[in-house]
Amino acid sequence: MGFPILSAITFIPALGALIILFFPKEKVNLIRWFAIAVSLIPLALSIYLWIAYNQTEGGIQFVERHIWIPAINVWYHVGVDGISVPMVFLTSLLSTLGYFYSAYTIHERVKEYYFLFLLLQTGMYGVFVALDFVLFYVFWEIGLVPMYLLIGVWGGKNREYAAIKFFLYTLAGSVFMLLAILGIYFTTGSFDILKAAEVHPFADNFTLASLAFWAFFVAFAIKVPSFPFHTWLPDAHTEAPTAGSVILAGILLKLGCYGLLRIVLPIFPEPFRFYAPIVAILGLISIVYGAFVCMAQWDLKRLIAYSSVAHMGYVVLGIAAAAASLNFNHPSFKESAAIALNGATMQMFNHGIITGGLFFLVGMIYERAHTRDLKVFGGLGAKLPYYYAVVMITGLASLGLPGLAGFWGEFLVFRGAFHIIPYIVAFGIIGVVATAGYILWKVVQFMFLGPFNEEKWGHLTDMEAFEKLTMWPLLLFMVGLGFYPAPLLNIINTATTALMGKL
Amino acid sequence: MSAVDIFTAFAPELILLLGSLFLIVLDMAWRKAEKEAAVLSAALAFVALSFILLLVFGRISPSPILGVLASDRFALFFKGLALVGTGLVLLSSYRYLEGHTPYRGEFYAFLLLVTLAILLVVGAVNLLMLYLVFEFLSLTSYILVGYLREEGKSSEAAIKYFLYGVTASALMLYGMSLLYGVTGTLDLAKIGQALSKSEVGGWLAFPAIVLLLAGFGFKIALVPFHQWSPDTYEGAPTPVTAFLSVGPKAAGFAVLVRVFITALPSFRPEWAAVLAGISMVTMTLGNLVALRQENIKRMLAYSSIAHAGYILMGVVCMVSGVNSYFTGLNGVLIYLMAYLFTNLGAFAVVIAVERATGSNRIADYAGLIKREPLLAGAMIVFLLSLIGIPGTGGFVGKFFVFGAAIQVQFYVLALVGIINSVISAFYYLNVVRHMFFLPGDESPISVNPALRWVVIASLILVFFIGLYPHPFISVGTEAVQILGSAIF
Numbered sequence: 000m001g002f003p004i005l006s007a008i009t010f011i012p013a014l015g016a017l018i019i020l021f022f023p024k025e026k027v028n029l030i031r032w033f034a035i036a037v038s039l040i041p042l043a044l045s046i047y048l049w050i051a052y053n054q055t056e057g058g059i060q061f062v063e064r065h066i067w068i069p070a071i072n073v074w075y076h077v078g079v080d081g082i083s084v085p086m087v088f089l090t091s092l093l094s095t096l097g098y099f100y101s102a103y104t105i106h107e108r109v110k111e112y113y114f115l116f117l118l119l120q121t122g123m124y125g126v127f128v129a130l131d132f133v134l135f136y137v138f139w140e141i142g143l144v145p146m147y148l149l150i151g152v153w154g155g156k157n158r159e160y161a162a163i164k165f166f167l168y169t170l171a172g173s174v175f176m177l178l179a180i181l182g183i184y185f186t187t188g189s190f191d192i193l194k195a196a197e198v199h200p201f202a203d204n205f206t207l208a209s210l211a212f213w214a215f216f217v218a219f220a221i222k223v224p225s226f227p228f229h230t231w232l233p234d235a236h237t238e239a240p241t242a243g244s245v246i247l248a249g250i251l252l253k254l255g256c257y258g259l260l261r262i263v264l265p266i267f268p269e270p271f272r273f274y275a276p277i278v279a280i281l282g283l284i285s286i287v288y289g290a291f292v293c294m295a296q297w298d299l300k301r302l303i304a305y306s307s308v309a310h311m312g313y314v315v316l317g318i319a320a321a322a323a324s325l326n327f328n329h330p331s332f333k334e335s336a337a338i339a340l341n342g343a344t345m346q347m348f349n350h351g352i353i354t355g356g357l358f359f360l361v362g363m364i365y366e367r368a369h370t371r372d373l374k375v376f377g378g379l380g381a382k383l384p385y386y387y388a389v390v391m392i393t394g395l396a397s398l399g400l401p402g403l404a405g406f407w408g409e410f411l412v413f414r415g416a417f418h419i420i421p422y423i424v425a426f427g428i429i430g431v432v433a434t435a436g437y438i439l440w441k442v443v444q445f446m447f448l449g450p451f452n453e454e455k456w457g458h459l460t461d462m463e464a465f466e467k468l469t470m471w472p473l474l475l476f477m478v479g480l481g482f483y484p485a486p487l488l489n490i491i492n493t494a495t496t497a498l499m500g501k502l
Numbered sequence: 010m011s012a013v014d015i016f017t018a019f020a021p022e023l024i025l026l027l028g029s030l031f032l033i034v035l036d037m038a039w040r041k042a043e044k045e046a047a048v049l050s051a052a053l054a055f056v057a058l059s060f061i062l063l064l065v066f067g068r069i070s071p072s073p074i075l076g077v078l079a080s081d082r083f084a085l086f087f088k089g090l091a092l093v094g095t096g097l098v099l100l101s102s103y104r105y106l107e108g109h110t111p112y113r114g115e116f117y118a119f120l121l122l123v124t125l126a127i128l129l130v131v132g133a134v135n136l137l138m139l140y141l142v143f144e145f146l147s148l149t150s151y152i153l154v155g156y157l158r159e160e161g162k163s164s165e166a167a168i169k170y171f172l173y174g175v176t177a178s179a180l181m182l183y184g185m186s187l188l189y190g191v192t193g194t195l196d197l198a199k200i201g202q203a204l205s206k207s208e209v210g211g212w213l214a215f216p217a218i219v220l221l222l223a224g225f226g227f228k229i230a231l232v233p234f235h236q237w238s239p240d241t242y243e244g245a246p247t248p249v250t251a252f253l254s255v256g257p258k259a260a261g262f263a264v265l266v267r268v269f270i271t272a273l274p275s276f277r278p279e280w281a282a283v284l285a286g287i288s289m290v291t292m293t294l295g296n297l298v299a300l301r302q303e304n305i306k307r308m309l310a311y312s313s314i315a316h317a318g319y320i321l322m323g324v325v326c327m328v329s330g331v332n333s334y335f336t337g338l339n340g341v342l343i344y345l346m347a348y349l350f351t352n353l354g355a356f357a358v359v360i361a362v363e364r365a366t367g368s369n370r371i372a373d374y375a376g377l378i379k380r381e382p383l384l385a386g387a388m389i390v391f392l393l394s395l396i397g398i399p400g401t402g403g404f405v406g407k408f409f410v411f412g413a414a415i416q417v418q419f420y421v422l423a424l425v426g427i428i429n430s431v432i433s434a435f436y437y438l439n440v441v442r443h444m445f446f447l448p449g450d451e452s453p454i455s456v457n458p459a460l461r462w463v464v465i466a467s468l469i470l471v472f473f474i475g476l477y478p479h480p481f482i483s484v485g486t487e488a489v490q491i492l493g494s495a496i497f
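Those protein sequence lines, which keep their order, are chains A and B.
Just so it is clear: in the first sequence, position 225 is 224 by this note's numbering, and no numbers are missing.
Add 9 to a position in the second sequence, counting from 1, and you land on the number used in this note's numbering.
Isolated chain A (complex conformation):
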């Protein structure tokens, strides 16, 4: 067995967090740059992971397996496949950028801030690599606490409310998952996620299988968040500090999608097939409802927050379509299902890049203007040309313009799902139109076009070097993956075809 790369990626941030505890809290610059330096190690390792992952072989790789609690057969079992590798990389990238951006914008309680953030990073990695239910659950909930504190301490005006709401929603979802995990253990005798996917627990008892399915689904749907479980999200995202919103939208939401892909679809194909129409409609409502709610927002950050609900709707729709494909026997449906899953996973990655970027951009304007009210802006395009350009690119990527990254996820979801559930998908197009509406009309027009209020906004300055540096890597991915999505698509495809092949 070689170097335990996944354990290294997962636990180096936590180790860094522990070391930070011993730094004197006045040495804020030391703490900041130490945290950034620590985060570069998992970043480098996750780039290596992507390169070293053997795509021709596929499947779960870099496995580490050690007994953890022998009495009840709990293992420290980690490994990655083509879905988790990009997610691990995304976590590294957004975390490092978040630390970097925060180094210039967070001035209060710096030590605690980086301690919590590094802890959160470990929790997120853990969810993406865990292959044991107990391990998965531990990481799933460990991330909850730092995020709760990040919102509550460094958040906006309404932070206390947003923090507790975030915590209780997620906890309420995940405790039912815990009961379902225990149920699986008592039928299969193990907490192994891969084994559960082979034996399909409760296959002979549809009622119990449905209960377990819904327990998992609700836990993940709250995190995604899918309509009607989304109400925590606008509050949490709006109140969180900038880097917190970036991580929330960029990665934490992906934990829910990842759970649907890793656990719900492979382990409960039968109930998922049965309930796929309901799930697909929830995805559809998220897309359309989310987009229309965005249209009505005047708080820029809240608008971006709701746009996440809409964009995650595509992911849910794609996964539901894959489940619905099990109703058909013809091989072409399997192919479409794999395409839809590819789209869903690409959407997860691209949404992380794009919406992460949008939240950084919101933070930048808020730092300057101390408001996010779209009604008071106007004509900023001439005053802040660089900022304008970056927002334009990110915004167009978000609305799915071909040539930018956001296009591929939505396109592939539609392509795959249309073959399987055409009527539901057809309505989803409304969401695409509405997205273009709120990005171009609400964001671009109200902020950058129209008359400029010199008196009020004359003091605004364009993007500074550190802000450009934060955005460049993200822009690179938006444009790069927009023109050439193959590197991402290929690795994802190894996992999704394998996944569909087993169902």
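Hint data in this document are derived by calculation from the structure and do not stem from the laboratory.
Some hints could be false.
To be clear about the criterion: a stretch of chain B counts as covered by chain A if any three or more of its residues have a C-beta under 8 Å from a C-beta of chain A, and this derived list gives those stretches [stated by the list, open to error]:
no.	segment
1	391 to 401
2	408 to 417
3	433 to 442
4	481 to 488
Note that CB positions come from ideal geometry on N, CA and C, so glycine has one too.
Given the coordinates of chain A, assemble chain B onto it according to the supplied hints.
Here is chain B on its own, set in the frame of chain A:
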């Protein structure tokens, strides 16, 4: 059994008895101002010695010693637990009484006596013995609760505890008399045999169960025998509150489990049904009322009621004979271990804050993170453990009792439990909100080294149980094996 054997078997108890007498003499004889530290160290030494003797001589004897006190793994487990708890409580009471009362020496002597009572009660297998040591435990507890005799609240706490206590004892005694009347014996095992054979008097078992429950439920603070606990917890000296929340509670569980399993196995469906109902009501009521508390000691009192409800799930859902580590009963023991360190840690923080601010209001925890990061940081871990967040001991405890419920497919109970643990997050996090989010007094708090060590030790153990629970699972599971197999 020779006299030497009996003496060695009772060595831990004898040391505690001698220790408490020695402390009283030491306190009287020594008139120096700094004697408190000496008395405390002596008390700690006796507890440590007793613990060592327990490890060395604590052998498993097949038949009860003198026919009345069992020395099985189950009893040894609870004895060890009580001694560890007492050690931590002793440390956290260092200098607590200063400024409250001039009579400080006997306090430690009484703590040793109440521990002695627990050591005896967890092994009792004879109704008469059980009643006597149960009363011994109660009486010493009353004294400790009312120890601050100049303070009205402490006296109020003691009188309430006493009045509820004697009523509960009387009911329990009546239940015992019913069992004796039906079977003609005081020995638990013989009662069990007699009841399983004879048709006669079977109908009396149900009232006996309810009456016995009054006594045990009072010690554990199960609804509806819990009304004493909020006032008592609030008024008692805080180290005593900490002790009550783990020591007598654990002892109550030990007695409940032993009596019901050994004496009333043939009525298991009846008492399991009653306990299931009590469990659900207890956790729900405890959590709902805790939501509204503004005093942290009262909040922890209701929280402790709620936790008794969770723990009871393990008793309700016990199984044996299957090849499983979720026997229900082991969940009870694992939960109690995790709860001991979590709650004593939390109370140590409460004591530290109380000593610095003179207040137990949750509102006065505002800004604690800036006043003393260790206290706030440790407190959040203890509170998360009480919620049952993974990585902490509390999760492992919940995992085993909920697991037991799922295993026997008692889904309703599991569901009620799990919803309750979400509700509880709200009031535990309210304390976190004050400590971390709200601005407050920023003057630093000084924490004395003894208290600091209690906090750190509890913190380490809460994480240890949470991250590497295997040794604790083994200990808990082995301790209930013999007992569990007796029933089926």
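So, going through the hints one by one against the coordinates:
{"no.": "1", "hint": "391 to 401", "in the structure": "holds (count 5)"}
{"no.": "2", "hint": "408 to 417", "in the structure": "holds (count 5)"}
{"no.": "3", "hint": "433 to 442", "in the structure": "holds (count 5)"}
{"no.": "4", "hint": "481 to 488", "in the structure": "holds (count 3)"}
In this structure, every one of the numbered hints holds.
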